[in-house]
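**Q** Model the full assembly from the supplied sequences, consistent with the hints where possible.
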Amino acid sequence: MMAVHEYGHVLGAWLTGGRVAKVVLHPLSISRTDLGENPRPLVVVWAGPLFGAAAPVVFWIVTQWFGVAVSCLFRFFAGFCLMANGAYLGIGSFGRVGDAGDLLRHGAAPWHLWTFGAICMPAGFALWHRLGSHFGLGEAQWVVNIPTTYTCLAILIAGVTLMALFGGE
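With the working numbering applied, the sequence shown covers 136 to 304.
Think of the hints as simulated: they come from the structure by calculation, not from any bench. In this text, a Cβ means the ideal position worked out from N, Cα and C, and glycines have one as well. Among the hints, erroneous ones may be present.
Cut-off 20 Å, straight-line C-alpha distance, at most; resulting in silico cross-link-like pairs (SDA-like, lysine to any residue) [what the hints assert, rightly or not]:
#  : residue 1 : residue 2
1  : K157      : V145
2  : K157      : V139
3  : K157      : G171
4  : K157      : L170
5  : K157      : G294
6  : K157      : E172
7  : K157      : V295
8  : K157      : G233
9  : K157      : P176
10 : K157      : R167
11 : K157      : A138
12 : K157      : V178
Taking CB as the label site, the calculated pair distances span [unchecked claim]:
#  : residue 1 : residue 2 : range
13 : R154      : P257      : 31 to 41 Å
14 : L288      : G171      : 31 to 41 Å
15 : W263      : G152      : 33 to 43 Å
16 : E274      : A156      : 50 to 60 Å
17 : Q276      : L163      : 33 to 43 Å
18 : Y285      : F260      : 20 to 30 Å
19 : C287      : L163      : 20 to 30 Å
**A** Shown next, in the form of structure tokens:
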């Protein structure tokens, strides 16, 4: 989730002529994107949560459309990203922390952040609705299919390894 969100900031900086100095994606620190030059800070800050919420949904739709056997994992991830980014801005606006604080300092109105949260968080819960059986809950009685299990394990190992090796601090 953090990698997709930070990639949104990187993409926003690149599209607006900014220069990325460093991206921190370490499993033991809070992720961030440090910019050397940032001619459009409001666009760059919005790009993180917008891309971080939308890209996983698009990816899930594509996997669903192509009938990928483990598309339930991408649906779960998309729902998580929607909820995380929505809560990060919607609730973060009250403490003016992280991206929410940056957005407010650069001119976004608080209701913009609340609206983003009010749209993303319920959408995330909607994507999670009825996914329990894919993860062994309900009638599945704790049985999870082998492809789902190994895909989760591979994603976990790859994610932690990449973040530890290349994530900065």
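**Q** All the hints need checking, so say for each whether the structure fits it.
**A** Going through the hints against the structure:
| no. | hint | in the structure |
| --- | --- | --- |
| 1 | K157 <-> V145 | holds (10 Å) |
| 2 | K157 <-> V139 | holds (15 Å) |
| 3 | K157 <-> G171 | holds (8 Å) |
| 4 | K157 <-> L170 | holds (7 Å) |
| 5 | K157 <-> G294 | holds (19 Å) |
| 6 | K157 <-> E172 | holds (12 Å) |
| 7 | K157 <-> V295 | holds (19 Å) |
| 8 | K157 <-> G233 | holds (16 Å) |
| 9 | K157 <-> P176 | holds (16 Å) |
| 10 | K157 <-> R167 | holds (8 Å) |
| 11 | K157 <-> A138 | holds (13 Å) |
| 12 | K157 <-> V178 | holds (18 Å) |
| 13 | R154 <-> P257: 31 to 41 Å | holds (37 Å) |
| 14 | L288 <-> G171: 31 to 41 Å | holds (38 Å) |
| 15 | W263 <-> G152: 33 to 43 Å | holds (38 Å) |
| 16 | E274 <-> A156: 50 to 60 Å | holds (51 Å) |
| 17 | Q276 <-> L163: 33 to 43 Å | holds (36 Å) |
| 18 | Y285 <-> F260: 20 to 30 Å | holds (27 Å) |
| 19 | C287 <-> L163: 20 to 30 Å | holds (21 Å) |
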